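Listed in order, the protein sequences are those of chains U and B.
In terms of this note's numbering, the first sequence opens at residue 263 and continues consecutively.
In terms of this note's numbering, the second sequence opens at residue 263 and continues consecutively.
Treat the hints as calculated values from the structure; they're not laboratory data.
Because the structure is a prediction, the values reported are computed rather than measured.
Hints should not be assumed to be uniformly reliable.
No distinction is drawn between identical chains; accordingly, a pair holds when it is met within one copy or between any pair of copies.
As the list claims (entries may be wrong) - Below, in silico cross-link-like pairs of lysine to any residue (SDA-like), each with a Cα-Cα straight-line distance of 25 Å or less: (1) 445 / 527; (2) 294 / 380; (3) 445 / 523; (4) 453 / 352.
Number of protein chains: 2
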Amino acid sequence: MKIALLQMKYQGSHKKTIEKTVENIRQASRDKSSLVILQELHQGEYFCQSEDTKNFEYAKNFDDDVIFWSKVAKQYGVVLVTSLFEQRTAGLYHNTAVVFDKDGTMAGKYRKMHIPDDPSFHEKFYFTPGDLGFKPIKTSIGTLGILLCWDQWYPEAARIMSLNGAQILIYPTAIGWFDNDSKEEKKKQLKAWKIIQQSHAIANSIPVVCVNRVGLERHPRDLREQGIRFWGNSFVCDGWGSILAKGEKDKEEIVYAKLDLKQSKEIRDIWPFFRDRRIDAYKDILQRYCW
Amino acid sequence: MKIALLQMKYQGSHKKTIEKTVENIRQASRDKSSLVILQELHQGEYFCQSEDTKNFEYAKNFDDDVIFWSKVAKQYGVVLVTSLFEQRTAGLYHNTAVVFDKDGTMAGKYRKMHIPDDPSFHEKFYFTPGDLGFKPIKTSIGTLGILLCWDQWYPEAARIMSLNGAQILIYPTAIGWFDNDSKEEKKKQLKAWKIIQQSHAIANSIPVVCVNRVGLERHPRDLREQGIRFWGNSFVCDGWGSILAKGEKDKEEIVYAKLDLKQSKEIRDIWPFFRDRRIDAYKDILQRYCW
């Protein structure tokens, strides 16, 4: 199975960004990809750098967005993983991945469960934590465990997706550096981010796909702020955590990889981690902290 | 805080192995280490290659073993992490780590929770799964989350140790290759083993210490069997998952590293993973499988 990861920059407007995304989906389809994965909040800029109620406008056309991407999936005959801003009702918004099957039907959706909030990543202002749990989405090409960005730091999320039958873990994401950070700081952040995601592949013996945004996006209001330089580095690894394909840190590109979903059984038969889990002894996982 | 990892070969007899271990502890103490960590089942050969009731003999002197290592810890003034074969009563044995403080007092013990069973690693024959849970052990130099070998594949174990206050995760281990495995197979196994352990450091923002055995140990009975070539590669990483020190794949050595336990707070204040855990949504972790 050939898959395509669209690692892109914000093109200066939502219109241009969506146009270029559709053009890239067309290209990926021509190149015989059966699964195309878009980065987090791919319709526009990463608007969470500041807290601004105007940005809620982006969520109000969620139903139209769903219809739009449904048509794109159908037109190009690909399973499509999108990442949208969902208005559920006034004052209630989610960071929501919607998956479409090749015929345009909505296969399912996932609402981001772990919401970050750091300087320049004010997501708790915009997004209510998801209430759909960690349920993978069945499609004609396999069962997809969609998780979003900050979720990638939580082994619990990956594990539960896997226990629920996910055959691939997929992380649309938007993470980057601040230019003022030291070279060493940047390097260790990027490395930690790769390793934690590879580890989910290893712990669960299934492939992991991570699609990250790229390019500098300046802070919209505070000119003293540097903005975020999204670090690209989208990648695909197999169930051993071995890297199959990888994007650059500073370039737009379509990253292609071939996945073999049968590998999972081979690995699990050799290294049967699921056999020996101590489910009788994991209750403390449900605690905030044990002190 | 300076720590020492004793990566060793089996010396041909228990007596010689213990003598060399004590000599190495003396060396580590001279070199000003305050924490010394021994590899899994360091008193002798890795006897789980075959199923042989004679090997239960090794467990019957557990109480004497505890007294012996207690004296060694006191004599050299180090916190000492040992890994022993414990007879609890006839027909009931554990793979047990015992930790001694600098003054020789027993700080605590941990019974291996996840027990593997693979060709040449017949641990389910020998070891009853631990019943002490994932409780870190308090010592004069910090709170140690001791886990053993196969435990290293389980993010749940690392997480619960951390939620219970572990400041370091420590894995005495005995893992290796079969010579008949391809070079590529060996490489990806080793890589997966490193990554999964680094990921526990990253997910919990605390250092990880892993001490692995080294050298070829032939199968004791079946000459057609190749035996296990333990792959060394003991390592220490900090709370970013960055490698601080590392052993060779085929040499005995004392691996030294310096740990800064204050780093944990710095990392967690920047990347506060604990803040955002969805403890309301993790119940499926307690399932064997959700289908």
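Each hint, compared with the structure:
no., hint, result
1, 445 / 527, "between (40 Å within a copy, 21 Å between copies)"
2, 294 / 380, "neither (39 Å within a copy, 40 Å between copies)"
3, 445 / 523, "between (37 Å within a copy, 23 Å between copies)"
4, 453 / 352, "neither (39 Å within a copy, 48 Å between copies)"
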